[in-house]
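Per the numbering used here, the sequence shown starts with residue 1, numbered consecutively.
It should be emphasised that the hints constitute simulated quantities derived from the structure, not laboratory data.
Idealized CB from N, CA, C, for every residue including glycine.
Treat the hints with care, since some could be wrong.
Think about it this way: if two alpha-carbon atoms lie no more than 16 Å apart in a straight line, the pair counts; the simulated EDC-like pairs of lysine to aspartate or glutamate are [stated by the list, open to error]:
#, residue 1, residue 2
1, K50, E78
2, K93, D74
3, K79, D66
4, K110, D74
5, K40, E64
6, K35, E67
7, K50, E67
8, K110, E67
Simulated restraints, written as ranges between beta carbons of each label pair [claimed, not checked]:
#, residue 1, residue 2, range
9, A106, V23, 40 to 50 Å
10, A11, Q44, 52 to 62 Å
11, K110, N80, 18 to 28 Å
12, L12, K103, 16 to 26 Å
13, E49, Y108, 50 to 60 Å
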Amino acid sequence: MEKYFIVGLVALILIVVVWYTQVSSGENKDPNTLKQSLQKAFPQYSVIEKNGTIMICEINHRNEPDELVFIRVDRNQEKNVRMFGRRATITYKKPPSLREIKKDVAAYLK
């Protein structure tokens with residue numbers, strides 16, 4: 001009887017550990033929330049969301065947005081940072097944390 005209790009307790013602990021590691025970290029996965037948090041983090045830039053892509057832009061003298069960073073969330077790709085001239089495209093596999101975005105875009109936003 002004592003052996004079954006120990007085996008059951010170990011099985012319960014394993015189930016709890018697996019469940020805890022598989023559950024999301026509690027971050028909001030809504031892109032509008034990500035856009036709003038980026039706007040608060042980078043108030044000197046304009047943050048625009050189009051077609052599932054979030055752009056961090058400067059507004060030039062003609063009142064047009066100059067795209068500096070594109071942020072995309074694509075579950076089929078790994079994290080990828082690409083430069084195209086002055087513009088950077090950063091692709092994430094899952095919605096990133098604000099801390100991770102700040103670290104990745106620090107070199108592109110002066």
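Just tell me: holds or violated, for the beta carbon distance of A106 and V23 against 40 to 50 Å?
Violated, at about 30 Å.
Starting from K79, check that the Cα of D66 is at most 16 Å away, please.
Violated, at about 24 Å.
Consistency of beta-carbon spacing, N80 to K110, with hint 18 to 28 Å
holds, 22 Å
Straight-line Cα separation of K40 and E64 no greater than 16 Å?
Violated, at roughly 21 Å.
Quickly compare the C-alpha distance for K50 and E78 to 16 Å and report which way the hint goes.
Given that 16 Å is the threshold and the Cα spacing comes to 21 Å, the pair is violated.
Satisfaction of hint between D74 and K93, Cα-Cα up to 16 Å:
Holds - the C-alpha atoms of D74 and K93 are around 5 Å apart, at most 16 Å.
Is K35 within 16 Å of E67, Cα to Cα?
Status holds; Cα separation ~15 Å.
Straight-line alpha-carbon gap K110 to E67, limit 16 Å:
Given that 16 Å is the threshold and the Cα spacing comes to 13 Å, the pair holds.
Verify the CB-CB distance for L12 and K103 against the hinted window 16 to 26 Å.
For L12 and K103 the Cβ distance comes to about 38 Å; the hint is violated.
Tell me if the straight-line CA distance from K50 to E67 falls inside 16 Å.
holds, 12 Å
Is the gap between the beta carbons of A11 and Q44 within 52 to 62 Å?
holds, 54 Å
CA of K110 to CA of D74, is that 16 Å or under?
Status violated; Cα separation ~26 Å.
Hints 1, 3, 4, 5, 9, 12, 13 from the list above are not met by this structure, while the remaining hints are.
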